[in-house]
Structures are given as structure tokens and as C-alpha cells.
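Asker: Sequence:
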Amino acid sequence: MVYLKTEIEVLKGRLLGEMNLQSLAYYFVKDRGKLLKLVFNLSGEEATAVQGYKNLPVDKSIIESIITRKPTKGFNFSDSIYKLIGIHLAAEKTLQEQVEKKFRNTSIKNKYFIAQCLPEYFPEYQRDLSIVENDPISTLLYFLNGGDVSEEDLKEALIEFLKGADDIIDLLILEDLEKYFLTQTVTKIKYIEKDAKTLVVEILNNFDEAVKKIISERRKGHPSFTINDEYDVQDLLYLVLKSIFPKLKEEDPTPRVGIKSNKIDLIIREEGILIEIKMIKEGDSNEKQYVEELKNDIESYYECKWLKHLVCYVYDPFARTKAKQNFYDLDGNRTIKEISFSVEVIVGR
Numbered sequence: 013m014v015y016l017k018t019e020i021e022v023l024k025g026r027l028l029g030e031m032n033l034q035s036l037a038y039y040f041v042k043d044r045g046k047l048l049k050l051v052f053n054l055s056g057e058e059a060t061a062v063q064g065y066k067n068l069p070v071d072k073s074i075i076e077s078i079i080t081r082k083p084t085k086g087f088n089f090s091d092s093i094y095k096l097i098g099i100h101l102a103a104e105k106t107l108q109e110q111v112e113k114k115f116r117n118t119s120i121k122n123k124y125f126i127a128q129c130l131p132e133y134f135p136e137y138q139r140d141l142s143i144v145e146n147d148p149i150s151t152l153l154y155f156l157n158g159g160d161v162s163e164e165d166l167k168e169a170l171i172e173f174l175k176g177a178d179d180i181i182d183l184l185i186l187e188d189l190e191k192y193f194l195t196q197t198v199t200k201i202k203y204i205e206k207d208a209k210t211l212v213v214e215i216l217n218n219f220d221e222a223v224k225k226i227i228s229e230r231r232k233g234h235p236s237f238t239i240n241d242e243y244d245v246q247d248l249l250y251l252v253l254k255s256i257f258p259k260l261k262e263e264d265p266t267p268r269v270g271i272k273s274n275k276i277d278l279i280i281r282e283e284g285i286l287i288e289i290k291m292i293k294e295g296d297s298n299e300k301q302y303v304e305e306l307k308n309d310i311e312s313y314y315e316c317k318w319l320k321h322l323v324c325y326v327y328d329p330f331a332r333t334k335a336k337q338n339f340y341d342l343d344g345n346r347t348i349k350e351i352s353f354s355v356e357v358i359v360g361r
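One gets the working numbering by counting positions in the sequence shown from 1 and adding 12 to each.
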């Protein structure tokens with residue numbers, strides 16, 4: 013499991029603690045308002061880069077001096093990508109020749125950074141993405157650009173990338189990935205903080221508390237909602253889960269077992285998750301009937317060859333359950349006709 017959010021926080025803590033060119037470049041890309049408030053005690057060419065990133069005026073003679081200065085020990089200002097971009101900005105983008113040369117001869121990672129700072133380079137960066145080597149950084153950037161990358165290749169690339177992530181450009185890439193996973197199809201949600209099954213379980217564990225707001229505590233003048241049966245529960249859970257898992261589907265019949273075909277209430281097939289919903293009604297005296305129903309249903313789900321996790325939610329608003337343990341005894345791993353899957357039952361009131 014890759015806990016992307018944690019990795020980002022660790023890297024930010026390590027890299028943004030110093031007011032240097034890297035942190036300067038980071039805030040230029042991510043938060044220019046904050047950048048203007050920060051103080052960078054740098055000198056020489058680096059001080060000029062600060063002025064450029066902050067969009068502050070710089071005397072033309074200083075720019076000319078930097079451009080014409082002979083390299084020191086074979087190095088000049090354009091060797092540092094952070095310094096080059098800052099001075100280019102300070103020179104009101106008149107160092108086009110130096111920037112273009114850097115762009116042509118640098119890595120795809122640096123091209124990504126240049127395109128982040130100078131959007132006019134983004135089309136060329138996109139073109140170059142299609143011809144780069146198959147390494148972790150290229151794979152991640154290709155994915156971020158809308159390229160087709162399998163989940164397994166993406167996971168492998170991310171794990172390898174994290175092993176060597178150590179600079180501001182790496183941090184920017186990771187934050188772009190986090191943003192993507194938060195806004196796109198969340199079958200990829202496992203890379204943010206929690207896997208899909210954990211997230212489903214947390215939502216179900218909180219459902220009974222959350223639903224109290226609309227069934228008993230609505231605003232004045234608005235009638236309360238009523239939950240009469242498991243279909244009402246299913247509709248509410250569909251509303252919540254669909255907003256997080258866009259590929260969620262409702263009731264899908266399992267293949268027939270004997271003469272019976274069960275219906276699965278909610279399905280997240282891409283994650284191998286089935287969600288079965290029960291509601292114990294006011295007229296029921298205890299949970300016995302529902303425990304037996306779940307036992308029978310569990311035995312039939314092996315026909316779903318892709319099943320990894322069966323999550324059963326029992327809504328008991330009238331507190332008819334005498335012993336929740338009767339439900340929890342169904343928890344555990346099952347292997348039925350060579351199909352292995354986990355079972356977890358959640359009881360809410």
C-alpha cells in the first residue's frame with residue numbers, strides 16, 4: 013500500500029524548511045500569494061532569481077552582467093534549472109535561447125518543471141512525453157497527461173519513484189498525482205490514503221449517525237425523510253458511494269445457484285467489492301431471520317469470480333438486534349469452490 017499523502021507531507025517537511033531556490037520555485041508554482049510574503053536571504057544570481065519568481069523589477073545591467081559572465085569552473089547560471097527560470101523571469105522572458113536549449117537537452121522531469129513555470133512550453137512537453145523511456149518518472153508523467161497506464165504499472169512506477177523522490181520537482185509530481193486521484197475515478201483511491209474497501213467500511217460505519225440529520229433534525233419547515241425499508245437505505249448509500257466511486261452499480265443478479273439467483277445490492281466491480289444491505293424493521297422481534305439470510309447469501313456469492321470483499325450492512329434503527337455478535341460471527345475469510353473472499357458485517361442503528 014502506498015500512502016501518498018504521508019509521503020508528500022514527509023517530503024514537504026524536509027524540502028520546504030529551507031528558504032532556497034527549490035522552495036522558491038515550489039511556491040511560484042503552487043502559491044504565489046504566499047511566495048510574496050516569504051523572505052529569501054540569497055545573494056548574487058540567486059537573489060536575482062528571487063526577484064524574477066516574485067515578479068519584482070531588476071536592473072537590466074544586472075541581467076546583462078549575469079548573461080555575459082564567464083563560467084566559473086565550467087558552470088554558469090543556466091546549469092541550475094531553478095536559477096535559470098528565475099533569471100529568465102527577471103529578464104522578462106528574454107532569455108528564450110538559453111531556456112529553449114535547456115528544454116531540448118534536459119530530462120522529461122525537468123521539462124515537466126519548465127512547463128509548470130512557463131505554460132508556453134506545455135505543448136512541446138506533451139509531445140515529448142510520447143517518446144520518452146519507460147522509466148518510473150516517465151510513466152507517472154505520461155499517466156498524468158492522460159496516457160493509458162495499467163493499475164499494476166502505475167503502482168510499480170509510483171513505488172519506484174518514491175524510493176528516490178528527493179527534490180521539489182518530485183514533490184510537485186506527487187502533488188499532481190494526489191490531485192488527480194482526488195478528482196478522477198476513485199478506483200485509484202488506494203494511492204491517496206486508504207484502499208477502497210476501507211473507505212466503504214468507514215462510510216457504512218458512519219451511516220447511522222449521518223442519516224439522523226435528515227430523518228429527525230431537518231430545518232424548520234422541511235419535512236423529515238422516512239426510511240421504510242432496505243431500498244430506502246440502498247438509495248441513500250448509492251447517493252453517497254456513487255459520488256466517490258463513479259463506477260458503482262446497483263443490483264446485479266448473481267448467476268443461478270440451483271433454482272435461486274440472488275441480487276447484490278451495490279457493486280464496485282473494479283475493486284472486487286459487493287455490498288449487501290439489510291434493514292431490520294420495527295415489527296421484527298430479533299435479528300435471527302437476517303442472520304440466516306446473510307448466511308445463505310454468502311454461500312452463493314462464489315459465482316462472482318472477481319469477488320474479493322463482501323461487505324454486509326445491517327441497518328437496525330429500532331434496535332431489534334439482541335446480540336450483534338450473531339452478525340459478527342459471519343466475519344472472516346471464505347473459500348468456496350476455489351473463490352476466496354473476505355466477509356465483513358456492519359450493524360448500524
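No lab work stands behind these hints: they were computed from the structure.
Be aware that a few hints might be false.
What the hints assert, rightly or not - Cross-link-like lysine-lysine pairs, in silico, DSSO-like; alpha carbons within 27 Å at most: (1) LYS224 with LYS24; (2) LYS259 with LYS175; (3) LYS42 with LYS209; (4) LYS209 with LYS349; (5) LYS317 with LYS206; (6) LYS307 with LYS209; (7) LYS293 with LYS224; (8) LYS232 with LYS206; (9) LYS317 with LYS167; (10) LYS42 with LYS206; (11) LYS209 with LYS191; (12) LYS225 with LYS254; (13) LYS17 with LYS42; (14) LYS254 with LYS224; (15) LYS42 with LYS85; (16) LYS121 with LYS72; (17) LYS317 with LYS261; (18) LYS209 with LYS232; (19) LYS167 with LYS206.
This one's a predicted model, so the numbers in the text were calculated from it and none came from an experiment.
Asker: For each hint, tell me whether it holds in the structure or not.
Answerer: A quick look at each hint next to the structure:
Between LYS224 and LYS24, the direct Cα distance comes to roughly 39 Å. Violation of the 27 Å bound is thereby established for this hinted pair. At roughly 32 Å between alpha-carbon atoms, LYS259 and LYS175 are farther apart than 27 Å, so this suggested pair is violated. Between LYS42 and LYS209 the CA atoms are separated by roughly 32 Å; this puts the pair beyond 27 Å, and the hint is violated. With a C-alpha separation of about 23 Å, the suggested pairing of LYS209 with LYS349 holds against the 27 Å cut-off.
Using a Cα cut-off of 27 Å, the hinted pair LYS317 and LYS206 holds, with the two alpha carbons roughly 24 Å apart. The hinted pair formed by LYS307 and LYS209 meets the criterion: a straight-line CA distance of about 21 Å does not exceed 27 Å. Taking the CA atoms of LYS293 and LYS224, the gap is about 17 Å. The hint holds against a cut of 27 Å. A C-alpha spacing of about 38 Å is found between LYS232 and LYS206, which places the hinted pair above 27 Å, so the restraint is violated.
Using a Cα cut-off of 27 Å, the hinted pair LYS317 and LYS167 holds, with the two alpha carbons roughly 23 Å apart. Only pairs whose Cα atoms come within 27 Å are accepted, and LYS42 paired with LYS206 is accepted, the gap being roughly 25 Å. Under the criterion of a C-alpha separation no larger than 27 Å, the hint pairing LYS209 with LYS191 is consistent with the structure, at around 21 Å. With a C-alpha separation of about 20 Å, the suggested pair LYS225 and LYS254 falls inside the 27 Å cut-off, and the hint holds.
About 17 Å separates the Cα atoms of LYS17 and LYS42, which keeps this hinted pair within 27 Å; it holds. As the CA atoms of LYS254 and LYS224 are separated by approximately 20 Å, the hinted pair is consistent with the 27 Å bound. For the suggested pair LYS42 and LYS85, the alpha carbons sit about 34 Å apart, so the restraint of at most 27 Å is broken. About 31 Å separates the Cα atoms of LYS121 and LYS72, which puts this hinted pair outside 27 Å; it is violated.
A hinted pair counts as satisfied when its Cα atoms are at most 27 Å apart, and LYS317 with LYS261 qualifies at roughly 17 Å. For the hint pairing LYS209 with LYS232, the CA-to-CA distance comes to about 37 Å; that exceeds 27 Å, so the pair is violated. At most 27 Å may separate the alpha-carbon atoms for a hinted pair to count; LYS167 and LYS206 meet this at roughly 14 Å.
Comparing the model with each earlier hint shows violations of hints 1, 2, 3, 8, 15, 16, 18; every other hint is respected.
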